Amino acid sequence: MFNKQTLDAVRSLLLFQADDHLIIGHRNSEWTGLGPILEEDIAFSSIAQDKIGHALGLYTILNENLGEAEPDTLAFMRNESDFTSCQLVELPIGEYDFSLVRHLFFDTAALIRFEDLATSSFDPVAKLARKVKGEIKYHVFHANTFIKQLGHGSEESKARLQSAINQNFGLALGMFESFEGEKLLIDQGIYKGEAAIREAWLGELQAVLLEADLKMPDAGKVEPVYGGRKGFHTEYLQPLLDEMTEVFRVDPAAEW
Amino acid sequence: MSTTVISATDHIWEAIAQVMDPEIPVLSVVDLGIITDVQIDDQSAVKVFMTPTFSGCPAIKLMEKQVKEAVEGVGHAHVTVETNFDVTWNSNMISEKGREIIKNFGLAPPPKYKGEPDMALLAHTACPYCNSENTTLKTPFGPTLCRSMHYCYDCLQAFEQFKPI
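Protein chains in written order, with my numbering: chain A, 4 to 259; chain B, 11 to 175.
One chain only, chain A, in its complex shape:
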């Protein structure tokens, strides 16, 4: 059994990951009906559906194993400053180049996290992670395929991708903001920690960008955009929450 401090740290870890998946899931769903080609419309919509499923799985563990509120309450009833999602996931979908690059940044990290958590000593998370990692592989495969195709596409597609990568690299590094109690998780084999995840992410990303003939920014020279894990958000999160919770606020018992 784990002590209270450790369980608090597990709570932080699961909450920020659940929030990340919920918010990116919502953003990805905004491509439904707007994708540049039909296959991409379907891909972003399917990925969105998976992400909401992953968020639900994480919120369920928080509820059943860690004494937090029901998943719907966690997703729909908290204030903006209670969300510990990173700022990268809350930005509007923008143009397709931004959404594709964010998808690459986010899912490369998500796969590394869930592959690590699949061997976690905190059993409920390990079980969920073993399921989720197989699904995220498809997300990474999708992102890599399109990054490579467009990296070798036209001058415009290449320039747009490179500029989206450069402009958002600090936000991407913000995914790896450290959180309280992280060391307890590392010591007890629950999670390998943000610094190690970031290191693995840089390696994976570099390999994909190399194949796509795109340039990897120098991580040492880019300031990470932190704050999300502590509840500090951009002006874009509150409108997203307003929209996401609109039906729930009108009729909390609505079914469809």
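What follows is a list of derived Cβ distance ranges for each label pair:
| hint | chain 1 | residue 1 | chain 2 | residue 2 | range |
| --- | --- | --- | --- | --- | --- |
| 1 | B | C140 | A | T148 | 22 to 32 Å |
| 2 | B | A133 | A | L213 | 17 to 27 Å |
| 3 | A | F144 | B | T90 | 30 to 40 Å |
| 4 | B | G125 | A | M247 | 31 to 41 Å |
| 5 | A | A198 | B | K75 | 40 to 50 Å |
| 6 | B | G83 | A | Q152 | 44 to 54 Å |
| 7 | A | F182 | B | T90 | 30 to 40 Å |
| 8 | B | D96 | A | D190 | 19 to 29 Å |
| 9 | B | V36 | A | D190 | 46 to 56 Å |
| 10 | B | H21 | A | Q191 | 38 to 48 Å |
| 11 | A | Q152 | B | C140 | 24 to 34 Å |
| 12 | A | A198 | B | E79 | 47 to 57 Å |
Covered stretches of chain A, going by a simulated chain B footprint (3 or more residues, C-beta under 8 Å):
| hint | region |
| --- | --- |
| 13 | 54-61 |
| 14 | 131-140 |
It is worth saying that the hints were derived from the structure and are not from the lab.
Being a predicted model, the structure only gives us computed values, none of them experimental.
Ideal placement from N, C-alpha and C gives every residue a C-beta, glycine not left out.
Since chain A is already given, all that's left is putting chain B on it; use the hints.
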């Protein structure tokens, strides 16, 4: 002459086998491999355990309800259906009969794999219409979470696969 011995849960498994995957309505949840355990206690109360194919599968609640009703239909008043991740579902758990059913339904069945599925598996999926392997992956996502979309260069048809996971 031999006597068939029916173990206590056989009739329950048979009842559950009447419940179809709502997205492939000819494939039973038993052949799909998502029923992981059936328990019955001495009061005849039944517990059925399921594991989701995909964690965001929107059909889970519906299947839980249908499984519960199917077991109640064979005379059990107290039935609970629980979905959990204790057993991780993978596409190797689809039965041989299930694979035939998927193919006859017009979907390429997922190839069996060892270890972890490799995305290269997707690139040369055999066409369910003409069996040609001269095919290409159009996109790893399809009309439902469990399908990918492909194209066959020989019979010039688009087709879908129940993807390996």
